[in-house]
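Here the protein sequences line up with chains A and B, keeping their order. Residues 579 to 1018 in the numbering used here are what the first sequence spells out, letter by letter. Residues 26 to 597 in the numbering used here are what the second sequence spells out, letter by letter.
Careful: at least some of the hints might be erroneous.
[What the hints assert, rightly or not] Derived EDC-like pairs: lysine to aspartate or glutamate, alpha-carbon spacing no greater than 16 angstroms straight-line:
{"no.": "1", "chain 1": "A", "residue 1": "K701", "chain 2": "A", "residue 2": "D713"}
{"no.": "2", "chain 1": "B", "residue 1": "K593", "chain 2": "A", "residue 2": "D1006"}
{"no.": "3", "chain 1": "A", "residue 1": "K657", "chain 2": "A", "residue 2": "E592"}
{"no.": "4", "chain 1": "A", "residue 1": "K970", "chain 2": "A", "residue 2": "D987"}
{"no.": "5", "chain 1": "B", "residue 1": "K593", "chain 2": "A", "residue 2": "D1007"}
{"no.": "6", "chain 1": "B", "residue 1": "K593", "chain 2": "A", "residue 2": "E1010"}
{"no.": "7", "chain 1": "B", "residue 1": "K593", "chain 2": "A", "residue 2": "E983"}
{"no.": "8", "chain 1": "A", "residue 1": "K922", "chain 2": "A", "residue 2": "E937"}
{"no.": "9", "chain 1": "B", "residue 1": "K504", "chain 2": "B", "residue 2": "E493"}
[Claimed, not checked] Just the calculated beta-carbon pair ranges, DEER-fashion:
{"no.": "10", "chain 1": "B", "residue 1": "A118", "chain 2": "A", "residue 2": "P620", "range": "18 to 26 angstroms"}
{"no.": "11", "chain 1": "A", "residue 1": "P601", "chain 2": "B", "residue 2": "Q279", "range": "49 to 57 angstroms"}
{"no.": "12", "chain 1": "B", "residue 1": "E425", "chain 2": "A", "residue 2": "G725", "range": "30 to 38 angstroms"}
{"no.": "13", "chain 1": "B", "residue 1": "L596", "chain 2": "A", "residue 2": "R820", "range": "36 to 44 angstroms"}
{"no.": "14", "chain 1": "B", "residue 1": "F324", "chain 2": "A", "residue 2": "S724", "range": "25 to 33 angstroms"}
{"no.": "15", "chain 1": "A", "residue 1": "Q895", "chain 2": "B", "residue 2": "R181", "range": "32 to 40 angstroms"}
{"no.": "16", "chain 1": "B", "residue 1": "W199", "chain 2": "A", "residue 2": "G711", "range": "29 to 37 angstroms"}
{"no.": "17", "chain 1": "A", "residue 1": "S971", "chain 2": "B", "residue 2": "R181", "range": "20 to 28 angstroms"}
{"no.": "18", "chain 1": "B", "residue 1": "L596", "chain 2": "A", "residue 2": "G711", "range": "36 to 44 angstroms"}
{"no.": "19", "chain 1": "A", "residue 1": "K657", "chain 2": "B", "residue 2": "F324", "range": "33 to 41 angstroms"}
{"no.": "20", "chain 1": "A", "residue 1": "A697", "chain 2": "B", "residue 2": "T182", "range": "54 to 62 angstroms"}
Don't read these hints as lab results, they were simulated from the structure. Heads up, the beta-carbon is just placed ideally off N, CA and C, and yes, glycines get one too.
Below are the chains, spelled out letter by letter.
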Amino acid sequence: MNAVPQINTAPLLEVEGVCKSFPKPDGGELLVLEGVNLRLVPGQIVGLLGRSGSGKSTLLRCIAGLAQPSGGALHYMGKPIDGPADGISMVFQSFALYPWLTVFENVALGLEAQRMEKAEIRKRSLQAIDLIGLDGFESAYPRELSGGMRQRVGFARALVVHPNILLMDEPFSALDVLTAETLRTDFLDLWGEGRMPIKGVILVTHNIEEAVLMCDRILVFGSNPGRILTEIAVTLPQPRKRLDPVFRELVDRIYVEMTARPKGPSAVASKERFPGLGIGTVLPRVSSNLLSGLIETVAAPPYNGTADLPKIASELQMEIDELFPVAETLQMMRLAEVEGGDIKLLPEGIAFANSALDERKKIFARHLQNYVPLAAHIRRVLDERASHSARKSRFIDELEDFMGEEAADQTLRAVISLARYAEAFAYDDEHETFSLENPT
Amino acid sequence: MNRTGPFAFVRDLATRWDLIAAIVVIGLLAFATEASHGLFEPLAKLKATPMSLDPINLPFYAARTTLRMFAGLFVSLLFTLTYATWAAKSPRAEKLLVPILDILQSVPIFGFLSVTVVFFLSLVPGRVIGAEFAAIFVIFTSQAWNMAFSFYQSLRTVPYELIEAAETFHLTAWMRFWQLEVPFGLPALIWNVMMSMSGGWFFVVASEAVTVGSTTFDLPGIGSYIALASQQGNLRAIGWAILTIFLVILVCDQLIFRPLVVWVDRFRVEQEPGSWLPQSWALTMMMRSRIISGLTAGFYGIVRWTSWALPRPKRIIPRLPQHVNRRMDLLWFSLLVLVVAWAAWKIASVLIATTSWSEIGQVSLLACLTMVRVFVLIAIASVIWIPIGVRIGLNPRAAEIVQPIAQFLAAFPTNLLFPLAVYAIVSWKLNSDIWLSPLMILGTQWYILFNVIAGATAIPNELKYAAENFRVRGWLWWKRVALPAVLPYYVTGAITASGGSWNAAVLAEFASWRSTTVEAHGIGAYIEKATTAGDFHRIILGVVVMSLFVIVINRILWRPLYYFAERKYRLT
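Can you build the whole structure from these sequences, using the hints too?
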């Protein structure tokens, strides 16, 4: 790990030991963010990188004053954050523009709330619109604009209040690749030239390349509970080139960090890294098409059984949020192994790739039964009952001992999808019933 | 269109909150009856300007009727903005307010007209204004509930990021209400205002000429005009009145509601491409003349000014300490217990103490008769309008022409036609039990038609092509393609039609022409007769039994059907 350069300036933002938990339906607490520390000094862009569910957006909302942490302290310019602070503004993933206001009115809204003079509002709004390249669009309504132009309005609206800190919540992820790239470049140009009235930026993203492209420091988040796994400083000068070997090396390194098995035999961590140890594991919903597709791709040349995850990701055009769950499901079912940024097929995975559909289903069914305890559990319950059927609510109740309501539902649906492919058991959604019968 | 489903708020068949709400509502009704009963006797006969059947007076009468309508709408809007907001913002209040709204929605308040009339007359004895208040109140009760529901629903579904954006920019609660929550709820609200106006014409016409016991009043308006015309048996005058109301509705639609619907389209958060976009020549005109931009600028000026005048709130509302919160809960629940106990006592003292079980049985039997009528009529209307609606909906050009006409017909107050029907029944000596019934559904059948049209229009083109491609035709096409696709829409329409028919029963089962009265056996006739006789205990018994029937039918038939259709057949 590179040493983080020490900058001798007063920090804009200090986050110390922040935790966040939500009450569970059974009365317990669900920890989503654990002991997070973060310092933002002027002139820096700090990236919070992680998969969905790693608590990075929750942290951002705490900083924005939209959510209250359950523990720890947040300070903005030395003052505790106890609500949305003047001087911190935010750009949203879905733009969050008011459809009934024009571009100008959307931008002016933040200044109106500050009770500024009408002439001053007008002057500053037009300045921001000008800066962000929206000249000529002042009287347009959001619905008339493309996604890229809408997000520009989002930026102008955030900048017009002259914030010290700009928070960005996956601001480019709802845009197409080309538009996102243009917006990133424009943003970095303005930032590099110091033309924006901001001192520091916090960027939430799940796109590794975006983080390396834009940030001075990257905090890599892990899940269950959300926490900072590692911190990586990016010292490459701007503008950065994606094909630069140093850039590639950094991307590879982050992949390794994000797929690394945890150090030490900690129970919590092993549950997460090597799932399949108990029925209380949260499972991602993954299509069986993606599972067999990834196995086939890795089995075929040029990979021949072992592939570099960043390469696979760019070849298949998949974000890590899409790729990792697939790879991890394969790992959980012992069809592949994921480590050090690589995915490697196990012998059974290779056998799967070389088989016809019937044989594939047999392999899949065997592994589902052996390595996914929840599937084995459901099957056992169905076998034991005379009616060979069981209500969904029965299993939901069991799962809710381990996880939240939503996660329980998602996990059960994930198992249903896997079991349908393996033809292990049937599920009737209309009556919310599991059974061993095949539908007629 | 952005519709709010009839039961979009709670899925359970019945919760204890429903029961509590029912007790509170019925108790209030009982209280109102008793209160007005006491004030009933000393009330002098209202002296209003005598009505004239000269058609020259019709524009004036029409203006009075329309004015009453908009007064009712204004009160409904005030109610919506406060009641729905309260329900959406306070979890404590929400638990009671939402079921109350649902019960009120099911109560055929119309049967209660007499009570409200006497109550308001007694507030301002001997003045026309009291009768005006009563009429406006009736209109309010016909308009407010669905508007409040739609707004409550909108408040609950404001996208989270829009709220967060408002918070990061320090919008005050007042500003947030006007800049975010109201605009967000506006498309659904305006749609419901239109529906309310449709229903409202029926009520405004009926509430103008009222006889309760020995009290009779005629407010100048189209409704009184019609009442006088049918009393004198003047067919020409009835024709003039129908023409007038036709024009009034057309003008309101073209000058107010169509422009509004087109205008609020910009407030929609998600833009569904290809959805029906209405056109309005009036809006284009107003936009060019800058009337609307001037009005909105002025309105937001006021919002900004009032918002600035208010003190800027503290950042985070401090969470109340647990013990204070628990004490508040305790207070709230003891208050609730008191109210429920009071309501239960009222029901007992007014209703049970004065009514025999045989009377209750008899009224229930009459309600069953009305129920059979409603179901048979809905079935007949469905058999007629589903095939026609699907055909129209599949032809975009036809749908474009027919849809506004169907909506327009739904607004037409069919009680204007009742005298004609009675005239026919009397002259041809028809069976009133059968031939009065169609009047109940005359005005409400259009809801089935235009919902089915909307459903058929919403079928994606590719589904239509697929059916053609696989040669799915005839009955198979209806069974597998058309009927499932329109079912959620049809159910929504049928629910509205059924509710409206129960309400119309009060007028339709008991009608008169000159001095001849024609009556069908049913709970509507029972209520109407009790009203004319000024028999308050019978009125409240009738209304309560009718309400219970409507509520139970909603809970065990319509609501499950609605969820079934939504879950299984909604194309998203």
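Verification of the supplied hints:
no.: 1; hint: A:K701 x A:D713; in the structure: holds, 13 angstroms
no.: 2; hint: B:K593 x A:D1006; in the structure: holds, 13 angstroms
no.: 3; hint: A:K657 x A:E592; in the structure: holds, 10 angstroms
no.: 4; hint: A:K970 x A:D987; in the structure: holds, 10 angstroms
no.: 5; hint: B:K593 x A:D1007; in the structure: holds, 10 angstroms
no.: 6; hint: B:K593 x A:E1010; in the structure: holds, 13 angstroms
no.: 7; hint: B:K593 x A:E983; in the structure: violated, 23 angstroms
no.: 8; hint: A:K922 x A:E937; in the structure: violated, 21 angstroms
no.: 9; hint: B:K504 x B:E493; in the structure: holds, 14 angstroms
no.: 10; hint: B:A118 x A:P620: 18 to 26 angstroms; in the structure: violated, 47 angstroms
no.: 11; hint: A:P601 x B:Q279: 49 to 57 angstroms; in the structure: holds, 54 angstroms
no.: 12; hint: B:E425 x A:G725: 30 to 38 angstroms; in the structure: holds, 31 angstroms
no.: 13; hint: B:L596 x A:R820: 36 to 44 angstroms; in the structure: holds, 42 angstroms
no.: 14; hint: B:F324 x A:S724: 25 to 33 angstroms; in the structure: holds, 30 angstroms
no.: 15; hint: A:Q895 x B:R181: 32 to 40 angstroms; in the structure: holds, 38 angstroms
no.: 16; hint: B:W199 x A:G711: 29 to 37 angstroms; in the structure: holds, 34 angstroms
no.: 17; hint: A:S971 x B:R181: 20 to 28 angstroms; in the structure: holds, 25 angstroms
no.: 18; hint: B:L596 x A:G711: 36 to 44 angstroms; in the structure: holds, 40 angstroms
no.: 19; hint: A:K657 x B:F324: 33 to 41 angstroms; in the structure: holds, 37 angstroms
no.: 20; hint: A:A697 x B:T182: 54 to 62 angstroms; in the structure: violated, 37 angstroms
Comparing the model with each earlier hint shows violations of hints 7, 8, 10 and 20; every other hint is respected.
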